[in-house]
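Asker: Given the coordinates of chain A, assemble chains B, C and D onto it according to the supplied hints.
4 protein chains.
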Amino acid sequence: MLIIMKRGASEKNIEDVKGFIERKGFNAHISKGEIQTVIGAVGEKVIDPRDIELLEGVSEVIKITTNYKLASRIFQEKDTIIEVNGVKFGGGNVGTIAGPCSVESFEQMDETAKQLSKVGVKILRGGAFKPRTSPYSFQGLGEDGLKILRKVADKYKMAVVSEIMEISQIPLFEKYVDIFQVGARNMQNFNLLKELGFIRKPVLIKRGLAATFEELLMAAEYILSGGNSQVMLCERGIRTFEKVTRNTLDLSAIPVIQKVSHLPILVDPSHGTGLRDKVAPMSRAALAAGCDGLIIEVHNKPECALCDGAQSLYPQQFSQLYKELKKIAPIINKKII
Amino acid sequence: MLIIMKRGASEKNIEDVKGFIERKGFNAHISKGEIQTVIGAVGEKVIDPRDIELLEGVSEVIKITTNYKLASRIFQEKDTIIEVNGVKFGGGNVGTIAGPCSVESFEQMDETAKQLSKVGVKILRGGAFKPRTSPYSFQGLGEDGLKILRKVADKYKMAVVSEIMEISQIPLFEKYVDIFQVGARNMQNFNLLKELGFIRKPVLIKRGLAATFEELLMAAEYILSGGNSQVMLCERGIRTFEKVTRNTLDLSAIPVIQKVSHLPILVDPSHGTGLRDKVAPMSRAALAAGCDGLIIEVHNKPECALCDGAQSLYPQQFSQLYKELKKIAPIINKKII
Amino acid sequence: MLIIMKRGASEKNIEDVKGFIERKGFNAHISKGEIQTVIGAVGEKVIDPRDIELLEGVSEVIKITTNYKLASRIFQEKDTIIEVNGVKFGGGNVGTIAGPCSVESFEQMDETAKQLSKVGVKILRGGAFKPRTSPYSFQGLGEDGLKILRKVADKYKMAVVSEIMEISQIPLFEKYVDIFQVGARNMQNFNLLKELGFIRKPVLIKRGLAATFEELLMAAEYILSGGNSQVMLCERGIRTFEKVTRNTLDLSAIPVIQKVSHLPILVDPSHGTGLRDKVAPMSRAALAAGCDGLIIEVHNKPECALCDGAQSLYPQQFSQLYKELKKIAPIINKKII
Amino acid sequence: MLIIMKRGASEKNIEDVKGFIERKGFNAHISKGEIQTVIGAVGEKVIDPRDIELLEGVSEVIKITTNYKLASRIFQEKDTIIEVNGVKFGGGNVGTIAGPCSVESFEQMDETAKQLSKVGVKILRGGAFKPRTSPYSFQGLGEDGLKILRKVADKYKMAVVSEIMEISQIPLFEKYVDIFQVGARNMQNFNLLKELGFIRKPVLIKRGLAATFEELLMAAEYILSGGNSQVMLCERGIRTFEKVTRNTLDLSAIPVIQKVSHLPILVDPSHGTGLRDKVAPMSRAALAAGCDGLIIEVHNKPECALCDGAQSLYPQQFSQLYKELKKIAPIINKKII
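These protein sequence lines map, in sequence, to chains A, B, C and D.
At position 137 of the first sequence (counting the first as 1) the number is 169 in my numbering, and the numbers step up by one without a gap.
At position 87 of the second sequence (counting the first as 1) the number is 119 in my numbering, and the numbers step up by one without a gap.
At position 65 of the third sequence (counting the first as 1) the number is 97 in my numbering, and the numbers step up by one without a gap.
At position 37 of the fourth sequence (counting the first as 1) the number is 69 in my numbering, and the numbers step up by one without a gap.
Any given hint might turn out to be false.
As the list claims (entries may be wrong) - A few chain D residues that face chain B, going by a derived Cβ cut-off under 8 Å, partial list only:
# : residue
1 : 33
2 : 94
3 : 208
4 : 271
5 : 272
6 : 275
7 : 276
8 : 351
No lab work stands behind these hints, which were simulated from the structure alone.
For every residue, glycine included, the Cβ atom is placed at its ideal position computed from N, Cα and C.
One chain only, chain A, in its complex shape:
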């Protein structure tokens, strides 16, 4: 942290700031310039920069270290590669996850999984507990949903990802699920994140609607600092003033995250746009930008879906898209599975 003193700051001001940061557990390193004095605060403690800004004679306070450590490329230079059921995310590999928004019935899952499996998809998604804006909307099948998901996945030799909504569901998910998903609305449910640091299965964490890249990485840090190193990040659109699309899918997340972090960054073009006919173009775009994975909603009969049918692809649309993706991948030296 750097503390920039005002031009006319007195010796006493400088001493007071020095004393303040030392009491907070930092080493002070004073550098007197011709124009302004700059005080470096060196240490591992976390401090609110605004507290220093309010001291007399201080002009500005600047953080020069990132708040995340374990998630950072400085901590680990090489890409984290996460492998589930033979599918790899990261390190030049692009993993694909597909399936409906929510588990509705055995038939729906069976039909969808059969078709996805034929195309080559090996990880099946499906929500059993649904975070819905309205208490009057379909809330998911609960454990029954997880059972169906598992049964169908086993039948087609697929792995399973589903969204967890609270700590008490962890034992249940341990039983049925291969990848734990944390939804956008729970990205800063810190208690849940802490507990997910103690499991030993991959966690897929989605960017919150108003979360910065740094906050997404800090959320990952909660899980990593618990000892679980298998964290995947997922861009799924942020909330902006534009309302034609459900969210604004921020594909710059891909190069930005890949520069500063070793964790795989996936893209969810289904929630990111909310509109079926935008899913294929944005999936291709995500891959061309170099994403480490895609999670795409596919439903055997989207027009009958209980949730988000409007953003689900028909299986044949997905199949067509998947062919295009396979052609784009080698151009940017990626392997897609």
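Answerer: Leaving out everything else, chains B, C and D in the frame of chain A:
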């Protein structure tokens, strides 16, 4: 819901839409205009309008009912008045809550509460479990914090509000706390909201960083629909492109919410601005706009605070502000306590 | 500007950076710390910090001077007070401007001005050239509108403010108008701003829909640097994800601007909310937060207005509001006219 | 437009609304449902829906026609193809524009153009008049810049695009420029747009920082309605809360615009990200999403650029990118030149 058909929509298109919405549990009411056909879908079910928009011949789908019912003025015309320790929120009453961001020690709480109590504040705030962006930041004193809060409040005959972070903490909070606070980051932690519908103490729910007014009311609806009618809403700033202030405090929340809902709407100018010297002007502004309550951070020694000291008022600043507020209230026919 | 070098930056890296900024016209001031080297770049030139960030060994670049100078409190400590027709803005004075969105006819202006004048308003607003999103909307009466505005204002001894849209209109506005208004959509029409630096009448510049406080001050700087010191700023709402209100009125603009700049900051609650019944609460709020002026839309028959009638007050509503404002002003030591 | 009456609206309310919209020049078409009455307002006039919402008994007003006509696919189903110097935009063709942010010298332009020309680029960009946030920043070379641009372009048989900032510059631009560019900050400079409707050269209009897709199309409508049918749209990033990237590049613009409009939609990944190392991934993404053109900043020596060097590619980086783009194009049935 109204379904606007395209100009050239065929009879078959219209019949198909009719069939679709009837299968979804709605009554269809067709009105053929010279230009376009409009189909009214009447019913209580929740449906995703995008599903209908994808049917052939459909131009647009419009929701004409709000998604919240119990929170609406249509359901209850008169203001809900919530009374805690003699302090009223709503119905022309402006309640005041004050205290530090987090409980740090008995001395800190005792000193702060003594001073607030002298000024006339009867509800004390203080966080025991803190939602922090970084896992390395101070996370609160936990149950010890709640104990201190209760002890100090009892000493000065004050009531207590504190933030709950997960379902398993409910019994603990029942023991120590008079008002349950749900933080901005948990506004859409639907499982927690549902459970808070079963308690019988007031819940203060803060607007999420990217939450619309409607979503805030839907979050309240989760609590109300569980049977707990004592819900207070709180505007605390939304996330925008402007970074000088920590958030953008959206005071239009006051007249907007008061028009459509009977629930009290409070304002938190401390989180809303993040800067101590902006708290007093924005508190006065909130009151002049007609808010039903204020929740203000006050700390006996803000410069030593472990969390958010930079946005906490000194007790004497609060005292001065409170005098101004008492002068403004009668001008807009409000009673402030 | 401070250039923070990476931990392992070499001597050569440091020399290269030094050379680079010296070639750009800055003096380099190197401070080698135990951990990192910091290079201060001192000078008046403007440089894009990203150019330096791309040099080898550089970790981060930080601007420590504001980009605006003449608009800053550092340049001028005392409030700028702008006086028009006996009405003062700034320095403890709150000026009031009122009138319809656009000039529609002599009768409309005459009737509206008569009523405003009775209440005590001395500056009349009215658009003659209207920036409309659609080319098919009413575009204003043009010079005829300015003539009407002037004639009516003279009749009631009022001053006049109207929005200018392009450079070629300056001579016309010089003839009819006392305060030049620059609309939100033209806040960064830099060529227009430059020319307005050469006139000698006050300019009221509105914050753009996506403009930061700093950009608003930079826009003012364009005018100030041309030699025109009579600049008033105006908060009128920014664009956010919330769509119930037309814009999100950011009242924190008031304390934020007043801290860093000596220029008066006004508030336009009419455009800021877009809804008539929100105008009075937000006007009171703006005043309670300490604004230096208000600009409020009032129309003799809002339901017949050709533009923005929905956000215009009826004269009697304005009269009632004005009474409340007069009671609030002395509480915060302000004089309202 | 549809006017939804409240459930208990009286006959008189309905008659009053009918009278109101008829006086405004619409035909009223009343449809009485069991639950609610809906009034259709048919006509070409533009009206502010909020004016009707304020009438007694009205619950909601819904626009069912888009505000743009000439820009719409309903008006023209087939893609508009714009051809400049043999390069086509639209109708399956992806045109490429490249060059530095601003014209700095003959040498700089000559060197850059030579290299671009070798790769196959046939349209050269370069700013002569620069819209800068600060009045103290480099403002461009003016007419001298246009002369250099033209001279260099002629030497390498390239066409030229440059940004126009005000009406008075039109004759100058007519002389030197093949495509007129309107910058993001001027997207709603309606007077300039109107005048550009009268020229007969293509206009490239960039999306404003806070402009919705509809507003971008309305801006195009201003130009189209003047008789100039050669309009190209350009996504260049919107302003959001995320600050790591300069703007948030919204690639969903591509499928969204292509669905509703026949105009070509280009992407500017340089301003969209503001960071050189993000330009290539986002260019590939834009193409994979199906854009009709790309405009990319390339500078012979970005580290010496007077403006935006940090987001400019080196010529060899561009050359590498261009090869990748040529491989992606056929996968989505596009031709890139």
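Asker: Hints first: check each against the structure and report whether it holds.
Answerer: Okay, the hints, checked on the actual structure:
{"no.": "1", "hint": "33", "in the structure": "11 Å, violated"}
{"no.": "2", "hint": "94", "in the structure": "5 Å, holds"}
{"no.": "3", "hint": "208", "in the structure": "36 Å, violated"}
{"no.": "4", "hint": "271", "in the structure": "5 Å, holds"}
{"no.": "5", "hint": "272", "in the structure": "6 Å, holds"}
{"no.": "6", "hint": "275", "in the structure": "7 Å, holds"}
{"no.": "7", "hint": "276", "in the structure": "12 Å, violated"}
{"no.": "8", "hint": "351", "in the structure": "35 Å, violated"}
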